[in-house]
Amino acid sequence: MSGTFDDTNRQAIPRCLDYSTACALGLLRIAREHERIIRPEFQKFRAISKWQESHNIYTAVDLLAEALILKDFKSEHAIEAADYVLNKSKTTNTVLNELASHFLEQPSKQNIQSTQISEPQIAYPAIANLKKSIRFYDRNPIAWCDMALYYATLAQMDKARTAMKVALNLAPNNRFILRSASSCFNHLREPDRAVSILRRSPLHLLDP
1 MSGTFDDTNR QAIPRCLDYS TACALGLLRI AREHERIIRP EFQKFRAISK
51 WQESHNIYTA VDLLAEALIL KDFKSEHAIE AADYVLNKSK TTNTVLNELA
101 SHFLEQPSKQ NIQSTQISEP QIAYPAIANL KKSIRFYDRN PIAWCDMALY
151 YATLAQMDKA RTAMKVALNL APNNRFILRS ASSCFNHLRE PDRAVSILRR
201 SPLHLLDP
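Residue numbers for the sequence shown follow the numbering used here, so the first one is 1 and each next one is one higher.
Keep in mind that the hints were calculated from the coordinates and are not lab data. Any given hint could be a false lead.
Said to hold, decoys possible - No more than 27 Å apart at the CA atoms, straight line, and that leaves these computed lysine-lysine pairs for BS3-like:
1. K131 <-> K88
2. K50 <-> K165
3. K88 <-> K159
4. K131 <-> K159
5. K132 <-> K88
6. K74 <-> K159
7. K132 <-> K159
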């Protein structure tokens, strides 16, 4: 992702991978000299800090939202926050309880192999699950981005394009979103838009 032809430390994210798989394979690692500049986990760390300072519904929901965005379903703090929301069920509304339950049930769904995502029996349930996540927190750019991937594998290009545009609007300078959007629009045969997306972001000067 650079305006030059320097391929040092260059990583490309294939459109066959969703966010959690790309993370697991190390495809989102950055050059160490820019590590402090690009830290998608920073917001979650701040949410954890607030949760540790004060256990209440507001800090619990904030932490759950950030953990959902990062697909960090093994976070002890986020699991604790989800349990807290459920234990306060008498004083919280149904939507918050559903959010907590939705978060806790995700680890059991993480055994789907990335090589299978083009199969309709995998893609359709994945889209339904992402839509449910978005219903709880519609400003989750990674959920929109992954949904674009699944729509593209089903050849539903208009829906893929729309979902990716939403992801870009929510996180125009997120490293994963930018790379995925570029690959997605190339797949949609819109190479000019793919290049334009990268050039508009200040990260193209930092991220090879």
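A quick look at each hint next to the structure:
no. : hint          : result
1   : K131 <-> K88  : holds, 25 Å
2   : K50 <-> K165  : violated, 31 Å
3   : K88 <-> K159  : violated, 38 Å
4   : K131 <-> K159 : holds, 13 Å
5   : K132 <-> K88  : holds, 22 Å
6   : K74 <-> K159  : violated, 31 Å
7   : K132 <-> K159 : holds, 16 Å
Comparing the model with each numbered hint stated earlier shows that hints 2, 3, 6 do not hold.
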